[in-house]
Amino acid sequence: MISTQELQAKRPPFSTEKLEEVQGVIKQFPEGRQKSAILRVLHIAEEEFGGWLSPETMDYVASLLNIQPIEVYEVATFYTMFNLEPTGKFVFEVCRTGPCMLVGSDDIIEYIKNKLGISKIGETSADGMFTLKTAECLGACGYGPMLQCGKKYHEYLTPEKVDALMDEYRSKYSTENN
Amino acid sequence: MGRKLLLEHIDVPGIETFDVYRNHGGYKSVEKALKTMSPQEVVEEVQKSALKGRGGAGFPTGMKWSFLAKPEGVPRYLVCNADESEPGTFKDRYLMEKLPHLLIEGMITSSYALGANTSYIYIRGEYYFILEILEKAIDEAYAKGFLGKNILGSGYDLDLYVAPGGGAYICGEETALLESLEGKRGNPRMKPPFPAIKGLYGCPTVVNNVESIAAVVPIINIGADEYLKIGTEKSSGTKLISACGNLARPGVYEIELGLSVEEFIYGDDWCRGIANGKKIKALIPGGSSVPILPAHLITKTATGETRYMSYESLSDGGFASGSMLGSGGFIAFDEDQCIVRNTWNFARFYSHESCGQCSPCREGTAWMEKVLRRIENGEGNMRDIDLLADINKKIEGNTICPLGDAAAWPVAAAIRHFREEFEWHVTHPQDALKGNYGLLSMPSITL
Amino acid sequence: MVKVTIDDIEIEVEEGTTIMNAARMIGGDVVPPAMCYYSSLPGTGGKCRTCLVEIAAGSTKDPRPMPKLMVSCSTQVQDGMIVKNRTSEKVIENRGAVVEFLLINHPLDCPVCDQAGECDLQDLGFSHGKAGTRYEEERRTFDPIDIGENIKLHMNRCILCYRCVHVANQLTDQRVHGALHRGDHTEISTYIEKAVDNDFSGNMIDVCPVGALTDRTSRFKSRVWFLNPMNASCECTKCSGKAVVWMFGKQMYRVTTRQDKYGEVEVVDGKPEWICNECRFDKKDLSKWTIEGPRHIDRHSVISQGHYEKPNPLKNATKNIE
Ligand SMILES: Cc1cc2nc3c(=O)[nH]c(=O)nc-3n(C[C@H](O)[C@H](O)[C@H](O)COP(=O)(O)O)c2cc1C
Ligand code: SF4
Ligand code: SF4
Ligand code: FES
Ligand code: FES
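Protein chains in written order, with our numbering: chain G, 1 to 178; chain H, 1001 to 1447; chain L, 2001 to 2322.
Mixed in with the good hints there might be a few duds.
What the hints assert, rightly or not - Restraint ranges, calculated between C-beta atoms of paired labels, are given here:
no., chain 1, residue 1, chain 2, residue 2, range
1, L, I2145, G, K151, 45 to 51 Å
2, H, A1069, L, P2065, 24 to 30 Å
3, G, E47, H, D1336, 40 to 46 Å
4, L, Y2262, H, D1157, 37 to 43 Å
5, L, M2001, H, M1063, 47 to 53 Å
6, H, R1383, L, P2065, 48 to 54 Å
7, H, A1069, L, R2139, 31 to 37 Å
8, L, D2298, H, A1302, 56 to 62 Å
9, L, V2267, H, P1193, 25 to 31 Å
10, H, N1117, L, G2080, 17 to 23 Å
11, H, M1063, L, R2139, 30 to 36 Å
12, H, R1383, L, F2220, 48 to 54 Å
13, H, G1223, L, Y2262, 55 to 61 Å
Calculated from the structure, these hints are not laboratory results. The C-beta atom is built at its ideal place from N, Cα and C for all residues, glycine as well.
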């Protein structure tokens, strides 16, 4: 078992503010049921620590919840929202399920692939900006084709809208990093 | 257009805030229940309303509530199933996004009825933005004294929390949901024991869909007798339908159960027909798990009677010529859609979403996906079609949870009604992927 | 006490008994095969679905047949229940299907697998499987990994019974391996390289019904049916010290727990006699054990073919090799 000091050396721990948020989540559940907080804490950790869950991040979450690291690995690998490898700055998750397919999601996926110059779903554009993934039905079937990026849904996609979206995220990134 | 019990005020600006919602009759059911009714009376009212669970299985909500065990000194829980992941279904999202207080009001009234002092809304992780909307509304409700200690001076306490999932359709299955809420992998539990006896943390628990809980609000407000007047004899009340696929006007609609399917698809108040003036080829009326209906069985049943949007009429004819209302995910296919491709797409969905615990589902869904992919890509043979039929028979009924059945039914129904189209894919390998068997050349369909 | 009839044989058992355990009290062919259930590991069962049986009558109170086949390992008997196992065609057919499901992705590498000869899947395939396969797709593959110094994991052979996870949960204080990913990608692993080095972790090898977990200290040394199993005991501070040692002439090739006819660790006075890793891996020396006598293995026919209980088994064995 890795000590907390070692953990903190490897991985910047949550800020006091985030730690309070985590404590708040743990308090939503009865005494001794802190494991219930795991999914929400993993979401927070992923956002805080570079958009993916490294083994160190997961070990850190295990230590916060006082459970074994394997319990975190088991959970994190079960749920598809968690990135277990580093991604681009923005991840486009395009819904590929039936109802979206009926209204053209296949074409949108193909379009994004070409636009990013990647050959496979799961790859990241050469500039490290966008990763393309597919997702299963995201509950926007009447408004397809659609994609999710971060917490946001983008619906009624067309090639033009995808272009505009990419520009928007690019400029968002450059303003945030200048 | 029919009565609106849930979405009546959805277009009112600011309805997502406490004050506007309250000004439009919000939280009245909480006042009525806590001040004038005993918990048992609320349960009886819901039982009398004949409300059927809106999550898909259609189990009577009041009956489920009456099964809840009440051992002394053990907490009871109400858990709202907001995992909404059944392809074709997006109504719970619509309701929560626009009317967060309606769900919260339903949770308070229902929790009171069940004697739960802590309740959870388990929401799919992808809906994190809705989790934030709900939490904001919950904060308002606490501030106004509708949550927390001694609600409205009644002596009743309730804490309400929202917990996100992490991306797993199976967590919509109620016992997988409870596992997930306990912070584990979403592996469904073996039943019995049912959640009503041993649910969250081993305590008696009721799991209900978002829409079922929201429907408790009008039931308490207008009374079960009035509610029973809406809908049909066997399907009381209103239902949210998520209309999608190739419809001219997709979206979420609240219908009175018993509306004709024809009116819903073609009526001006509703979907306004198939997009781009095309013809309808097939329909899945209740989410991806229910059997697909070919064109001639959509607006009429096999015996030539009008098909209605109700539990009983959509299932008329059983699996041979009917389907199910399910979750109300209403997916229309136009004449250019390929049934094989869609069947493969759904098979891939179920294989992707199988938790992998039990061997028939884990292995069988992946096997079906591979065979269907080959057929769709022009690499199938006639044997494969029978093989598929056999695999799904061997999954069905032999698994821990109904996901196995949900994966098997769509394949079985597609082969039952569109066998020629599968065979065409085998006999026309070069056309199979890009070409489309199409509607008009389909011999078994009379328009 | 409640009365239950299984394949036309009536037996009285305590309330709360599962169909599986009632069948085991009768014994013989009536007992459904179990690939995931393991009596000494509470929480196991329900996953593999090989133990499906037909319930022709639910109980005296409600004698309706049950529409679905039920898993005998996790279904409790009711008074007046009528169960059909090998007398039900539906059971035979569907169990055959389950076996097919378990085999479609199996590498069928028995000729190089250490479990061959004492593998439950091999036995099951033999008794319920069909010759030939309808599976034309690519099989899923994983690379073999070491989990700890002494245990090899061949995920390709794993049937995901979760028994080894329960062993780690129940016998060790820190589980480091588990089930990762989901669906047909589910895999037993440690995620990142971590050693499984708890005192009792070796018992995972014994509960594994297939050759997914094998003992690295005895791998590839010999086919199990050439070995001579003996009951042996030793003074051990960590465990009961009661084991089976598998001899090849004077050489001790491996040490395992003592298992009953269902392949489960023997239970003495209510306690399962698990053995510690030291006994299993580090005491491959006759001088450290007291030999009690030959061990009768009546489960896997192929082992019994070695006729090891007759005098001079070694002679037979070498003849077989030649
Ligand atoms: C594989 C599977 C997925 C399910 N997904 C959902 C879901 O997303 N939302 C839901 O409310 N019910 C879902 N259900 C049904 C639930 O198990 C449960 O019956 C329902 O939440 C009960 O609520 P109700 O009685 O109010 O409908 C699913 C069931 C299965 C088997
Ligand atoms: S049927 Fe599928 S999803 Fe349900 S428990 Fe079995 S493997 Fe998991
Ligand atoms: S490794 Fe063996 S014991 Fe563990 S789950 Fe796989 S088959 Fe079962
Ligand atoms: S199918 Fe794409 S959101 Fe539902
Ligand atoms: S032994 Fe009963 S399901 Fe595996």
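Taking the hints in turn, this is what the structure says about them:
1. L:I2145 x G:K151: 45 to 51 Å: Since I2145 of chain L and K151 of chain G have Cβ atoms about 37 Å apart, the given range 45 to 51 Å is violated.
2. H:A1069 x L:P2065: 24 to 30 Å: holds (28 Å)
3. G:E47 x H:D1336: 40 to 46 Å: holds (41 Å)
4. L:Y2262 x H:D1157: 37 to 43 Å: violated (51 Å)
5. L:M2001 x H:M1063: 47 to 53 Å: violated (33 Å)
6. H:R1383 x L:P2065: 48 to 54 Å: violated (33 Å)
7. H:A1069 x L:R2139: 31 to 37 Å: violated (46 Å)
8. L:D2298 x H:A1302: 56 to 62 Å: Since the Cβ atoms of D2298 of chain L and A1302 of chain H sit about 57 Å apart, the hinted range of 56 to 62 Å holds.
9. L:V2267 x H:P1193: 25 to 31 Å: Once the Cβ atoms are compared, 26 Å apart, the range 25 to 31 Å for P1193 of chain H and V2267 of chain L holds.
10. H:N1117 x L:G2080: 17 to 23 Å: violated (41 Å)
11. H:M1063 x L:R2139: 30 to 36 Å: Distance hint for M1063 of chain H, R2139 of chain L is violated at roughly 46 Å.
12. H:R1383 x L:F2220: 48 to 54 Å: At 40 Å between Cβs, range violated.
13. H:G1223 x L:Y2262: 55 to 61 Å: holds (59 Å)
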